[in-house]
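J.: The residues making up each chain are set out below.
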Amino acid sequence: GAGVSQSPRYKVAKRGQDVALRCDPISGHVSLFWYQQALGQGPEFLTYFQNEAQLDKSGLPSDRFFAERPEGSVSTLKIQRTQQEDSAVYLCASTRRRVGSPLHFGNGTRLTVT
Amino acid sequence: GENVEQHPSTLSVQEGDSAVIKCTYSDSASNYFPWYKQELGKRPQLIIDIRSNVGEKKDQRIAVTLNKTAKHFSLHITETQPEDSAVYFCAAKDFGNEKLTFGTGTRLTIIP
Numbered sequence: 019g020a021g022v023s024q025s026p027r028y029k030v031a032k033r034g035q036d037v038a039l040r041c042d043p044i045s046g047h048v049s050l051f052w053y054q055q056a057l058g059q060g061p062e063f064l065t066y067f068q069n070e071a072q073l074d075k076s077g078l079p080s081d082r083f084f085a086e087r088p089e090g091s092v093s094t095l096k097i098q099r100t101q102q103e104d105s106a107v108y109l110c111a112s113t114r115r116r117v118g119s120p121l122h123f124g125n126g127t128r129l130t131v132t
Numbered sequence: 005g006e007n008v009e010q011h012p013s014t015l016s017v018q019e020g021d022s023a024v025i026k027c028t029y030s031d032s033a034s035n036y037f038p039w040y041k042q043e044l045g046k047r048p049q050l051i052i053d054i055r056s057n058v059g060e061k062k063d064q065r066i067a068v069t070l071n072k073t074a075k076h077f078s079l080h081i082t083e084t085q086p087e088d089s090a091v092y093f094c095a096a097k098d099f100g101n102e103k104l105t106f107g108t109g110t111r112l113t114i115i116p
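Protein chains in written order, with the working numbering: chain A, 19 to 132; chain B, 5 to 116.
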């Protein structure tokens, strides 16, 4: 009965380091989304999975960003060679079914690149 | 792609008064319009949503109106309370596209 769970809650990385952010969606939720939220801005779409299939990755800002959901449940967002502009809150959200379901968000991972 | 604009960016309202936040969207195919409330350091939470087959929806002190012709929708909060203070985001998408596009947010402050 838990909500969407994300870890770590906070991550500080030095520029150039790789990071991996984890999302545990609500059990039974087919669709999973990653959003990036810069300070004072609305969430920006990054990528979307339906089960294990990545159906839309049009929002990933560069080839340094990679997401996977190999078993259709837990998802990982990986950022390689982090840059300062990657500093943001990364939100994961899931929905039960494809059409018309509201997004349930996690608390996010706040990434700070120094 | 869809573009959602939201106004105002900040809004201060005396406790007990009403607050109105407005959004416009660009894609006429959009037919689902949710509103999210985000308190500082917390997750966005859905507070109300509307689909394009209705023009208005109400849930206690919160209401949303939709004008498809003009491509704008609004959030109305009546009898505001201090706990209504938060950032509110509107969003839009069509059912054929899973991507939800958000506005830039409105920081609502309720003055006791």
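The hints are simulated quantities; they were obtained by calculation from the structure and are not laboratory data. Mixed in with the good hints there might be a few duds.
[Claimed, not checked] The calculated SDA-like cross-link candidates involving lysine to any residue, where the alpha carbons are at most 25 Å apart (straight line), are:
1. B:Lys103 with A:Pro79
2. B:Lys103 with A:Ser45
3. B:Lys103 with A:Val30
4. B:Lys103 with A:Gly34
5. A:Lys75 with B:Asp98
6. A:Lys75 with B:Asp31
7. A:Lys29 with B:Glu43
8. A:Lys75 with B:Glu9
9. B:Lys46 with A:Ser49
10. B:Lys46 with A:Ala71
11. B:Lys103 with A:Leu78
12. A:Lys75 with B:Asn35
13. B:Lys46 with A:Leu57
14. A:Lys75 with B:Leu50
15. A:Lys75 with B:Lys72
16. B:Lys46 with B:Gly100
17. B:Lys46 with A:Pro26
18. B:Lys103 with A:Asp42
19. B:Lys103 with A:Asp74
20. B:Lys72 with A:Pro120
21. B:Lys46 with A:Asp104
J.: Straight-line Cα separation of Lys103 (chain B) and Pro79 (chain A) no greater than 25 Å?
T.: holds (15 Å)
J.: For the pair supplied as a hint, Lys46 (chain B) and Gly100 (chain B), is the alpha-carbon distance within the 25 Å limit?
T.: violated (29 Å)
J.: Take the C-alpha atoms of Lys29 (chain A) and Glu43 (chain B), compute the straight-line distance between them, and say whether it is at most 25 Å.
T.: holds (21 Å)
J.: Just to be careful, I want the Cα atoms of Lys75 (chain A) and Asp31 (chain B) compared with a cutoff of 25 Å; is the pair within it?
T.: This hinted pair holds, its Cα atoms lying about 20 Å apart.
J.: Check whether the Cα positions of Lys75 (chain A) and Leu50 (chain B) lie no farther apart than 25 Å.
T.: holds (24 Å)
J.: Under the criterion that the straight-line Cα-Cα distance not exceed 25 Å, is the pair Lys103 (chain B), Val30 (chain A) satisfied?
T.: violated (28 Å)
J.: Would the hint linking Lys46 (chain B) and Leu57 (chain A) be met if the CA-CA limit is 25 Å?
T.: holds (13 Å)
J.: Going straight from one Cα to the other, do Lys103 (chain B) and Asp42 (chain A) come out at no more than 25 Å?
T.: Holds, at about 20 Å.
J.: Is Lys75 (chain A) close enough to Asn35 (chain B), meaning Cα to Cα at most 25 Å?
T.: Holds, at roughly 22 Å.
J.: Could you grab the alpha-carbon distance between Lys103 (chain B) and Ser45 (chain A) and see if it respects the 25 Å cut-off?
T.: Holds, at about 21 Å.
J.: Are the Cα atoms of Lys75 (chain A) and Glu9 (chain B) separated by 25 Å or less?
T.: holds (23 Å)
J.: Hey, Lys75 (chain A) versus Asp98 (chain B), does the alpha-carbon distance stay inside 25 Å?
T.: The given pair, whose Cα atoms are some 18 Å apart, holds under the 25 Å limit.
The structure is inconsistent with the numbered hints 3, 4, 10, 15 and 16, although it conforms to all the rest.
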